[in-house]
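Protein chains in written order, with our numbering: chain A, 1 to 265; chain B, 1001 to 1274.
Be aware that a few hints might be false.
Under the rule of at most 20 Å between Cα atoms (straight-line distance), these lysine to aspartate or glutamate pairs were calculated in the EDC-like manner [to be verified]:
#1 A:Lys3 <-> B:Asp1062
#2 A:Lys51 <-> A:Glu39
#3 A:Lys3 <-> B:Asp1104
#4 A:Lys83 <-> A:Glu154
#5 A:Lys51 <-> A:Asp158
#6 A:Lys83 <-> B:Asp1264
#7 A:Lys254 <-> B:Asp1104
#8 A:Lys83 <-> A:Glu155
#9 A:Lys3 <-> B:Glu1171
#10 A:Lys83 <-> A:Asp158
#11 B:Lys1225 <-> B:Asp1095
#12 A:Lys51 <-> A:Asp214
FRET-style restraints, in silico, Cβ to Cβ [unchecked claim]:
#13 B:Tyr1053 <-> A:Arg184: 34 to 40 Å
#14 B:Asp1062 <-> A:Leu54: 33 to 39 Å
#15 A:Asp214 <-> B:Ala1047: 35 to 41 Å
#16 B:Trp1269 <-> A:Gly82: 21 to 27 Å
By construction, these hints were calculated from the structure, which means they are not laboratory data. We put the beta carbon where it would ideally sit given N, CA and C, even for glycine.
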Amino acid sequence: MAKHALRLVAVAYVLFLLVLPVILIIWRTFGDGLAPFVEALTSPSALHAFKVTLTVAGWAVVANTVFGVVTAILLVRHQFPGKQLLGAFIDLPMAVSPVVVGLALILVYGRFAPFGGLLESWGIQVIFSTPGMVLATVFVALPLVVRAIVPVLEELGDEQEQAAHTLGASRLQTFVRITLPGIRWALGYGIVLCLARSLGEYGAVAVVSGRLVDQTQTLTLFVEERFQNFDQPAAFAAATALALIAVVTLLLTKLLRPKDRIDGN
Amino acid sequence: MTREVTAITVRPARRLAGGTAAGLGVAVIYLSLIVLIPLAAVVWRSADQGPGYFWRSVTTPDAWAALTLTIGASALVALINLVMGTAIAWVLVRDRFPGRRVLDTIIDLPFALPTIVAGLVLLALYGPQSPLGINLAYSRAGVVLALMFVTLPFVVRTVQPVLLELDTEMEQAAASLGAGPFQTFRRVILPNLVPAMLSGTALAFTRAISEFGSTVLISGNLPFKTQVAAVNIFSQIEGDNTTGAAAISTVLLVVALVALVSLDVLQRWGRRRG
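Please construct the entire structure, taking both the sequences and the accompanying hints into account.
In structure tokens:
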């Protein structure tokens, strides 16, 4: 009896907090068929927002993937002073509010900040422009790739890498032929998480982008701006598109989750 | 003979060090330019007009109201998660029913869903046009609801693996010695779960105090009533008061840091006990 009561409470909690709200918005979006949805998402502003989102997320994912692989290998395979500190700093972005991320970047890369002023004099505008949005997105998604790879690298051990090295393989060969195949699922998992976080970032991008419609507006900013301007169909359509991306991400991470498939074969 | 031996052992070590140095250099520069220097700039800016100004910025009526609301609501949400997160983890591990795997997958949805979308979907079900007739828009209950949504996975995902590893032999032993189910839970299971429950709660609290996107639409951002700290910082940045914004940001950073350090202490404590 108690068992059934607990099950009921847990399922009802998740149903009313997560499932029903998401289903309702999808239902409202497609209530009048597919045409209004497509129409709302193919308006020039929406298409521009898609483009900005993909550009920013693309750069952020590439940067964090390279950084993530290098740092994970450093943390697991190498010894150096300050290693624990580096590990702690990598998790720091998780504890920082997205708005504080935005403020932090403005204080360093803003037009009137020393560093931002210098870049401005070279003709590079960071804040209120794409580079700033990429920086903000990199910041919030920074730990995801590292944290996905580290446990798998630890699990794999370095015997095969040592063997390859002994047999005369170069560092690059060892990485491409031994390390990379071993961590590929974990890397995929980390990249999917990183991409989802990058596509969905709102707060940090809201601060550094200046929220200029048709210029620095990403899809999440588009949702907010359309909603505040009483254009519910467009806001709901874009939100549904983002929610569907989230659901796909969820299923992908389920497939790639390193816990279930540590192999290397 | 000895020379040869030294050459063999030293060379790979030195090459390793060279590669390590290059990779480390890149990683440290990347981390510094994007995370460390900007965060240091926030703390620096918050202090650059002296401690008096810092204190006045944090205690302006609207900033103080936002900070107390944020910390109070986050503590409440952390407590709700402590209970509900553990219950959900229990159901996922120990219960068997159709749809359990779907439930297990759905728990991670708040991690994947953009926060602004989370706010919008909650507003659809619990806003002015609610089909349930529940309107929490522009109320503190709405803020709590948004924070509950985004923090749901933390306790579930920290307790679940511990529960999976837990041996049922001890429980059977307790039961065979005459302990009732409640006694078994309190005396045998709970002590093993407490460290994980508390660290999940600390993570949920840290996430809640820094939350921005999900509260924007449902709270209406009314100063003194529903404005959370992150929104207050946002409006100060828009109003070009970066020093005030930096002061409140620093308070948030310190509170998060305190929560995370206590989490670390808790985990060490848990490991010593385990």
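A quick look at each hint next to the structure:
no.: 1; hint: A:Lys3 <-> B:Asp1062; verdict: violated, 46 Å
no.: 2; hint: A:Lys51 <-> A:Glu39; verdict: holds, 17 Å
no.: 3; hint: A:Lys3 <-> B:Asp1104; verdict: holds, 18 Å
no.: 4; hint: A:Lys83 <-> A:Glu154; verdict: holds, 15 Å
no.: 5; hint: A:Lys51 <-> A:Asp158; verdict: violated, 42 Å
no.: 6; hint: A:Lys83 <-> B:Asp1264; verdict: holds, 17 Å
no.: 7; hint: A:Lys254 <-> B:Asp1104; verdict: holds, 10 Å
no.: 8; hint: A:Lys83 <-> A:Glu155; verdict: holds, 19 Å
no.: 9; hint: A:Lys3 <-> B:Glu1171; verdict: holds, 16 Å
no.: 10; hint: A:Lys83 <-> A:Asp158; verdict: holds, 18 Å
no.: 11; hint: B:Lys1225 <-> B:Asp1095; verdict: violated, 41 Å
no.: 12; hint: A:Lys51 <-> A:Asp214; verdict: holds, 10 Å
no.: 13; hint: B:Tyr1053 <-> A:Arg184: 34 to 40 Å; verdict: violated, 53 Å
no.: 14; hint: B:Asp1062 <-> A:Leu54: 33 to 39 Å; verdict: holds, 38 Å
no.: 15; hint: A:Asp214 <-> B:Ala1047: 35 to 41 Å; verdict: holds, 39 Å
no.: 16; hint: B:Trp1269 <-> A:Gly82: 21 to 27 Å; verdict: holds, 26 Å
Figure legend: structure checked against the earlier numbered hints; hints not met, in rising order: 1, 5, 11 and 13.
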